[in-house]
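Visitor: Listed here are the chains, written in short residue letters.
Protein chains: 2
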Amino acid sequence: MDKDTFLQLLQNKKNLIDEALPAKVDRIQGHGGLKEAMLYSILAGGKRLRPTLLLMTIESFEQDSQVGLDAACAVEMIHTYSLIHDDLPAMDDDDFRRGNLTNHKIYGEAMAILAGDALLTYAFEVISGSKHMNNDLKIDLITKLSKAAGPEGMVDGQAADLEGEGKSLSLGELEQIHHRKTGALLGYSIYAGARIAGGTKQQLDHLIHFAHHLGLAFQIQDDILDVEGDESKIGKPIGSDVQNNKSTYPHLLTISGAKDQLLKEVASAKQNLYRAGIKHDWLEHFTDYMISRDH
Amino acid sequence: MDKDTFLQLLQNKKNLIDEALPAKVDRIQGHGGLKEAMLYSILAGGKRLRPTLLLMTIESFEQDSQVGLDAACAVEMIHTYSLIHDDLPAMDDDDFRRGNLTNHKIYGEAMAILAGDALLTYAFEVISGSKHMNNDLKIDLITKLSKAAGPEGMVDGQAADLEGEGKSLSLGELEQIHHRKTGALLGYSIYAGARIAGGTKQQLDHLIHFAHHLGLAFQIQDDILDVEGDESKIGKPIGSDVQNNKSTYPHLLTISGAKDQLLKEVASAKQNLYRAGIKHDWLEHFTDYMISRDH
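So the protein lines, in turn, are chains A and B.
The working numbering puts the first residue of the first sequence at 31, with every later residue one more than the last.
The working numbering puts the first residue of the second sequence at 31, with every later residue one more than the last.
For reference, chain A alone in the conformation it holds in the complex:
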């Protein structure tokens, strides 16, 4: 497949998410203020990397990705909640996200905390209430998603990141943090897609390794963009990692060392992807797309 066809397919998946995700939040029968705050961040856009990755993984197996739409929306809800909480004054204290005011700048800190809590909880409701999956599959996905997002996954990575501020971390420590903070949800997305599509145990194992390296590549790219990126495209100030005293790949390896490391992670990711032996090359395209992004 050529790159343009891939990008068109990707856009198509992103459109599906951009439509389904707010619709799911909008059907909540709740008191007005909370839902409004949830919708604000859900509608704030973003690349929808995790859910599109999930849908593309299903289609790589030549299966109908519609089955995975609930699981895809759930992971984006969890990603969105983590951004809302991350931006709070007590955490990263960011006023802008993707060029828009952050949730707490509009709705206040208390409502932003609750909107995050609500999105996190609702993600599990969306999977457990899905009409497209049987209960065995749902339980497997809920187990994996809660592990990926919880105290052995994303939240633990955030806590370690918090405690690492101002300390100089080793490369191993930094990898461990990012593997949990960013890698875990990307890993869930790929696992969920392959599991929904009926991938074999061996394919799932290879794809988990693929996801691990893809997650690290993603984070290194993020760190590089924080140094070299275009502020107007990223939607937040350049250099905020340095300002927040965060350990980063460019800081530990120099910018050119970080770029070398990025290429190594991409090579390892693709090696594991080939081993999985999936017919379509969409995940290979996805990998190239993720590391060539400029925001």
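What the hints contain is simulated information worked out from the structure, not anything from laboratory work.
A portion of the hints provided could be inaccurate.
Any copy, or any two copies together, can satisfy a pair, since identical chains are not distinguished.
Mimicking BS3-like on lysine-lysine, the simulated pairs with C-alpha atoms at most 30 Å apart in a straight line are [as the list claims (entries may be wrong)]: (1) K33 <-> K300; (2) K174 <-> K161; (3) K77 <-> K300; (4) K33 <-> K276; (5) K135 <-> K276; (6) K161 <-> K231; (7) K54 <-> K174; (8) K276 <-> K289; (9) K294 <-> K44; (10) K161 <-> K33; (11) K44 <-> K77; (12) K276 <-> K77; (13) K231 <-> K135; (14) K44 <-> K309; (15) K300 <-> K197; (16) K289 <-> K54.
Given the coordinates of chain A, work out where chain B should sit on it, guided by the hints.
Guide: What follows is chain B alone, placed relative to chain A:
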């Protein structure tokens, strides 16, 4: 059954929870700081009303309550997370809870937010990973728990409570808030217990109404204690509702009107309980216990 036998049984269930709950958190393979903050609030004690209610409901049906231990721990984790977030400076700004410093006073706001997020997420992992229930039962419980805790349940009640501060609410509005804020998790506990025990559809329906009135009775008692209670027993300052400009039952109905309303809710609760036709009278004892508590 006499009251002493009931209280002994209740203590026995509470001991089960006090042992199982920290053990579940302690087995998390995470980075140190987050788990420590989670354990702090899990070990801060409390009455363990929700999980003991769940276990007692199972035993009311003469079934083994061991099967429900994971579902019981999960609801207490969600209750604990909600307290951690509720106490934050941006929310109720409480320094003490049950006589101990609140989570953020020890670990800082950022870690307290993450500890709450982690407990919420982990609650779903605990149910989905339970070895005592089949997947159909797990999915039913996860559906009910996410609804009870999420944007149509507890979190929505908290948001409405937040927006209601300083406004004068009608009795109907106040009931609606409490039904979600407090009633939803109590309702889950009773539903889960009856569902695990194999209660009939009709019994579950009656018990849901029982839970609704029990929840309101519980909240009215809470409001009365905030006016008349003993500070040393409650573990937080008396009159904090008035200070926070919260609408309460004593405020709307006078203290004697609130006590009348409490008795009415208890009568409605018991009426629905009798309709369910459960052999044991433990839930009747539980109702009396809940409204006679002094903290």
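Visitor: I want to check one pair: K300 and K197. Are their C-alpha atoms no more than 30 Å apart within a copy, between two copies, both, or neither?
Guide: Classified as neither; 33 Å inside a copy, 59 Å across copies.
Visitor: Under a CA distance limit of 30 Å, which applies to K33 and K300: within one copy, between copies, both, or neither?
Guide: within (17 Å within a copy, 67 Å between copies)
Visitor: How would you label the pair K44, K309 (within, between, both, or neither) given a Cα cut-off of 30 Å?
Guide: within (22 Å within a copy, 55 Å between copies)
Visitor: Give the relationship of K135 and K276 under a CA distance limit of 30 Å: within one copy only, between copies only, both, or neither.
Guide: Classified as both; 23 Å inside a copy, 24 Å across copies.
Visitor: Is it within, between, both or neither when you check K44 against K77 at 30 Å Cα-Cα?
Guide: Classified as within: same-chain Cα gap 8 Å, cross-chain 47 Å, threshold 30 Å.
Visitor: Pop the pair K161 and K33 into one bin, within, between, both or neither, using alpha-carbon distances up to 30 Å.
Guide: neither (34 Å within a copy, 46 Å between copies)
Visitor: Pop the pair K174 and K161 into one bin, within, between, both or neither, using alpha-carbon distances up to 30 Å.
Guide: Cα proximity of K174 and K161: in one copy and across copies (19 Å, 16 Å).
Visitor: Is it within, between, both, or neither for K54 and K174, if the alpha carbons may be no more than 30 Å apart?
Guide: Intra 22 Å, inter 17 Å, cutoff 30 Å: intra and inter.
Visitor: As a check of your reading, is K276 near K77 (CA-CA no more than 30 Å) within one copy, between copies, both or neither?
Guide: within (24 Å within a copy, 41 Å between copies)
Visitor: First find the shortest C-alpha distance between K33 and K276 inside one copy, then the shortest across copies, and answer within, between, both or neither for a cut-off of 30 Å.
Guide: neither (35 Å within a copy, 58 Å between copies)
Visitor: As a check of your reading, is K161 near K231 (CA-CA no more than 30 Å) within one copy, between copies, both or neither?
Guide: both (25 Å within a copy, 22 Å between copies)
Visitor: Should K289 paired with K54 be assigned to within, between, both, or neither, using CA atoms and 30 Å as the limit?
Guide: Close neither inside one copy (39 Å) nor across copies (41 Å); limit 30 Å.
Of the numbered hints listed earlier, those contradicted by the structure are 4, 10, 13, 15 and 16.
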